[in-house]
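Chain by chain, the residues run as shown.
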Amino acid sequence: MALSESSVPASIFEPVLEYLRHTPYALAVLVFSYFSGQLWTFLILGYLKKGAAGNRVLNSVAGKVSLGIAWFALVLVPIFYLSHQSLQFTYDNILSVAIPTLVAGLCAQVLTVAWFITWR
Amino acid sequence: MATVINVVSGKGGTGKTLMSAVLADMLGRLGLNVVVVDLDIFVRGLTVLLYFHKRESLSLVSAPQASVADLFINKNDVLIGRKYHLGISRYRSFDVLPAVHRIDQTLNFPDIVPSTRAEATKVLEVLLSSIPKTYDVVILDSRAGYDELIAATHSVSTASICVEEEDGISRVTADNLINQLKNDAPTPLFRLTNKARKIESLGDLEREPRGITELGRVPFDIDVMNSFGEEDFWEGIGRSLYRVALSRAWNRFAAKLGLPWELKETRLSPFVSDRIEVHLATFTLRDRVLLVYGILLGVSGLVLGFFDRDTLMFFFRDPIRVMAVAIGLIGLAMSVFAILRLGRRPRDATPLKYKG
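Sequence order for the protein chains is A and B.
Counting from 1, one number per residue, gives the positions in the first sequence under the working numbering.
Counting from 121, one number per residue, gives the positions in the second sequence under the working numbering.
In isolation and in its complexed conformation, chain A is listed as follows (with noise of 0.2 Å):
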């Protein structure tokens, strides 16, 4: 018998639920925002100013992360405005452009720097 609402009580079942389904977009922004950082890092210190390799503020997890942030946060406006048709920012219009801003955006900037590494 599959697991359902019959054998669970709703008022204990629908707070798990919302905490799923919730929890992991701040989880996943941070994981991406992180390997976007990274990605970013590589691109700046390694091919933009070379030679800045021991870079501690870029070059630490804080610094990566701060980065990855902006970078999203740039993404999200167009993608925002797309589909909300305004720039009024609330918590849950955020979080339902959450997903195609952090894929778009790390798509966007794994192919510019697969594009650097084979052009520059």
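To be clear, the hints were calculated from the coordinates, so they are not data collected in a lab.
Hints are supplied without guarantee of correctness; some may be wrong.
[Said to hold, decoys possible] Stretches of chain B that chain A covers, calculated by requiring three or more beta carbons in the stretch to come under 8 Å of a beta carbon on chain A: (1) 386–397; (2) 413–421.
[Stated by the list, open to error] When the alpha-carbon atoms are kept at most 20 Å apart in a straight line, the in silico EDC-like pairs for lysine to aspartate or glutamate are as follows: (3) B:K131 with B:E268; (4) A:K49 with B:E385; (5) A:K49 with B:D352; (6) B:K376 with B:E334; (7) B:K174 with B:E351; (8) A:K49 with B:E355; (9) B:K318 with B:D394.
For every residue, glycine included, the Cβ atom is placed at its ideal position computed from N, Cα and C.
Following the hints, complete the assembly by docking chain B onto the known chain A.
Coordinates of chain B only, in the frame set by chain A:
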């Protein structure tokens, strides 16, 4: 007095010339005056590098300047004390003494090869004394194998580095060469494993036990192998695993000999861990980025894209489909496992076993 480093190998194709050039460039960038002498007169790999650098000019040394071959061809003059003005050319951050005048010069083997070790040693001593005193480091890019000239280069050097690969044949030829050279002269002799594939991560190389004479392992890097001699080679080498591992090997070498020159070991990686890159060394850097981030985007795009209330309910209600999805994910994981060569443990090279 310059530090003379003799680079040798038991067999050909171990990457001596590449290593000599990259090492010379790194030391040159450190501010040292470095000259690499191409002693591989017939193969002349380093001279070919110079030829392409000089826009494919056939003539690399102008008379009355001398190439390495000139000293060996005119060894009778050398032996009676004639001095030579060497045709040293600038190549990037270091200098090169070409093996021959012209890249297409054909040589007569008996004219070149010294008949005795004493003769070879004398020619090399004249060669080294003709190199200006302004150089800090002289790298001798010797040819593979063993003969009187290799024995002589070992005896006139500050130290020798034997470059070898991980396979059994390379190990045995290196063992033979090292045993032979140890008998010839008390010059310090070190081993360096090049094109290593059985590496888990660069960090592990720091921790792995090594013998007194071992400088470590330099991983195989397809970008480095593919682009040697190309225009973008030197641009890419700075970002390679090869450079970091070679820097570490040099720093060990310098520490053992008490040399004050330390190379930088930092490197930027497009990934969080170099462990991934070491596993993907047979892919180019661009392909590594596309593969790893492609997998990340593929998985996360699918999982996060379908991650809503309805999907969660589906997972709770239909265990059969959950099982199908789980098996699909296991299949993907198996492919990733194979592509990234995870779970591979380094093992010692075992010599070939013959039946009978």
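Outcome of the hint check:
Counting residues of the segment 386–397 of chain B whose beta carbon lies closer than 8 Å to any beta carbon of chain A gives 7, which reaches the threshold of three, so the coverage claim holds. Only when three residues or more bring their CB closer than 8 Å to a CB of chain A does the claim for the segment 413–421 of chain B stand; here the count is 6, and the claim holds. Simply put, K131 (chain B) and E268 (chain B) have alpha-carbon atoms about 16 Å apart, close enough for the 20 Å limit, and the pair holds. Between the alpha carbons of K49 (chain A) and E385 (chain B) the distance comes to roughly 18 Å, so the proposed pair stays at or under 20 Å and holds.
Only pairs whose Cα atoms come within 20 Å are accepted, and K49 (chain A) paired with D352 (chain B) is accepted, the gap being roughly 17 Å. Restraint check for K376 (chain B) and E334 (chain B): satisfied, since their Cα atoms lie roughly 11 Å apart, inside the 20 Å limit. Distance check on the hinted pair: K174 (chain B) and E351 (chain B) sit about 12 Å apart at the alpha-carbon level, within 20 Å; holds. Straight-line distance between C-alpha atoms of K49 (chain A) and E355 (chain B) comes to about 13 Å, which keeps the hinted pair within the 20 Å bound.
This hinted pair checks out: K318 (chain B) and D394 (chain B) have alpha carbons roughly 14 Å apart, not beyond 20 Å.
The structure shown violates none of the earlier numbered hints.
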